[in-house]
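One-letter residues, chain by chain:
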Amino acid sequence: MITKKLLLLGEIGVGKTSLVRRLVHDELPSDYRATMGVDLYRYEIDGVGQDGRRALELVVWDLDGNYGLSIFRHVYSKGASGALIVGDVMRYATLEHMVSLADGFTEALPSRQFSFVVNKLDLIDEPDPKRLPEKLRGADRPMVWTSALTAHNVRTAFRQVSDAILRREG
Amino acid sequence: MPSSVVKADRTEAENARLVDAMRFLAKHDEQGFAWLDPELHVLESFGSFTDTLTPGAPAVETFDALIGLEEELLALKTSPDSEPLVLANVLPAASTHGVRITLSVYWMAGEKQFLLVISRASSFAEIEFRLAAETRARAIAEAEIAAQARLLQRINQELAAANRDLQEFASVISHDLRAPLRGLRYAATDAKAALTSGDAVLASAGVNQALSLSRRMSAMLTGLLEYARIGRKADVAEPVQTGNLVREIVESVQAGCEQRIEVEGDWPVITTVAEALDIVLRNLIENAVKHHDRFDGLIIVRAERTGDRLLISVSDDGPGIDPAWHEAIFLPFRQIDDDDVVDGAGIGLALVKKTVESLGCTIDVQSDPAKARGTTFTVDWPLILPA
Chain A
1 MITKKLLLLG EIGVGKTSLV RRLVHDELPS DYRATMGVDL YRYEIDGVGQ
51 DGRRALELVV WDLDGNYGLS IFRHVYSKGA SGALIVGDVM RYATLEHMVS
101 LADGFTEALP SRQFSFVVNK LDLIDEPDPK RLPEKLRGAD RPMVWTSALT
151 AHNVRTAFRQ VSDAILRREG
Chain B
1 MPSSVVKADR TEAENARLVD AMRFLAKHDE QGFAWLDPEL HVLESFGSFT
51 DTLTPGAPAV ETFDALIGLE EELLALKTSP DSEPLVLANV LPAASTHGVR
101 ITLSVYWMAG EKQFLLVISR ASSFAEIEFR LAAETRARAI AEAEIAAQAR
151 LLQRINQELA AANRDLQEFA SVISHDLRAP LRGLRYAATD AKAALTSGDA
201 VLASAGVNQA LSLSRRMSAM LTGLLEYARI GRKADVAEPV QTGNLVREIV
251 ESVQAGCEQR IEVEGDWPVI TTVAEALDIV LRNLIENAVK HHDRFDGLII
301 VRAERTGDRL LISVSDDGPG IDPAWHEAIF LPFRQIDDDD VVDGAGIGLA
351 LVKKTVESLG CTIDVQSDPA KARGTTFTVD WPLILPA
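Residue numbers (the numbering used here), protein chains in the order written: chain A, 1 to 170; chain B, 1 to 387.
In short, the hints are calculated from the structure, not lab data.
Only a predicted model underlies this, so the values are computations on that prediction, with no experimental measurement involved.
Don't be surprised by glycine CBs; every beta carbon is placed ideally from N, CA and C.
Just so you know, not all the hints are guaranteed correct.
Output of the computed footprint for chain A on chain B, the stretches with three or more beta carbons under 8 Å from beta carbons of chain A [unchecked claim]:
(1) 67-73
(2) 86-93
(3) 132-140
Take a look, some chain A residues computed to stay more than 10 Å from chain B by CB distance [what the hints assert, rightly or not]:
(4) 4
(5) 13
(6) 35
(7) 53
(8) 55
(9) 66
(10) 107
(11) 111
(12) 122
(13) 124
(14) 131
(15) 133
(16) 156
(17) 159
Just chain A, same shape as in the assembly (with noise of 0.2 Å):
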């Protein structure tokens, strides 16, 4: 089976590990503890790739939101296939950073492919563009809104870039 590493991406306190756990563990953190350096989970994602019949192992590098941009400059996102790149829906501050990562991202790793998620949706009635900055509205990516609480598009976030991974790289 292929092995891809995916890194997740976004300011301290979006979700990103509450993320992974629930789909690797299907649980959540029981209390919050900022991560520190990179906690590392494996999962296998199948019914994927041009045909959805393929499997793929994704090593999910769950990284310290505190690197901010210069996690690009670090050897943690060297090799990467792809990234999820994380905002929390209540704060805007980090939906605007999700920007700034892309393009670091976009950058650092051309032509790899990555999704935005906006999470924490069980804290609005919906999704609702109008609290997205203007350029993540308008951002050519697939952006997918989440609840790791309620677990809502957790795994379809995943499945979505492990997807476009397999269809660009095989």
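Use these hints to put chain B onto chain A, whose structure you have.
Here is chain B on its own, set in the frame of chain A:
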């Protein structure tokens, strides 16, 4: 054991003791070592954290943290400085004890092999890292709490203002509408009595009086709703040509009055809420006309720039307002001379004052009939309304 450990200038016994010492350190200090060939296949490994490394298998495919790093690792072979590739503070996916590790990969040019050293992450760095992360998270949380507190305060202030408006509204409705409602009841009662006695003329007069009073009440309610609306919706400031605005208003008021209205002074383009300025100018000018006691009266509307303000004044040579009434005239439905028959609902100046104050401006009245005729209302208006 590859030659990076075993040295030719040591005896076999010395090398054996060295190897034993390394194995002991690896076991007790939680370190692991692995040797990789130039194509990154595992040759040999021992110590902690090396369970997933299989001899003969590519290290970059079996060791979580190395996946995807083949290019970077192979580039070490050509690096002139022999700097290692270091991945610090990694929690491997397979870790069951939450132990963070640091991986360092060296290219051993002499032996033409890679040396992978895996060690427990430095505890001091761990504490420092965690402290920095927790501090930042706390700063963010505190900033968010402060922002929420400010929002809550603003909402409370708006609620308090809305409550005050509601109380004022209720007070005006119960007090000021009672008089015309009472008059309406009397007129209707008189009309009924006249009908009963067969006096059609008197009955008709009563009905007309009732209709007049209901029209007055309707006008009062319209004025009151307009009064309540002020400051409730978010108005947008834009460039306004005040000269054009005042001339339009004067033209429309002049058409229905005998008094002369003149515009003087400097009327620049200002950034403001056009509707608000219209309400103020229109009501001040109409008020001056309505309460003038002479058909040949003169009303002067003047503007003068001073600093970043525009002083707008509306002066008339009418009967004047007793200083005792200077506050009461701005209350809804208060008319200083009930003997005068004037149209309208008596809310014009109340609208002016509320509009002016909702934009953070001030209004002043100068008049004393005991000293001289005439009244001047002056409004202090900003040239650029803050956002």
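How the hints compare with the structure:
no.: 1; hint: 67-73; in the structure: holds (count 6)
no.: 2; hint: 86-93; in the structure: holds (count 8)
no.: 3; hint: 132-140; in the structure: holds (count 6)
no.: 4; hint: 4; in the structure: violated, 7 Å
no.: 5; hint: 13; in the structure: violated, 6 Å
no.: 6; hint: 35; in the structure: violated, 7 Å
no.: 7; hint: 53; in the structure: holds, 22 Å
no.: 8; hint: 55; in the structure: holds, 16 Å
no.: 9; hint: 66; in the structure: violated, 6 Å
no.: 10; hint: 107; in the structure: holds, 17 Å
no.: 11; hint: 111; in the structure: holds, 15 Å
no.: 12; hint: 122; in the structure: holds, 17 Å
no.: 13; hint: 124; in the structure: holds, 16 Å
no.: 14; hint: 131; in the structure: holds, 16 Å
no.: 15; hint: 133; in the structure: holds, 17 Å
no.: 16; hint: 156; in the structure: holds, 22 Å
no.: 17; hint: 159; in the structure: holds, 19 Å
The structure fails to meet hints 4, 5, 6, 9 from the earlier list, while all remaining hints are met.
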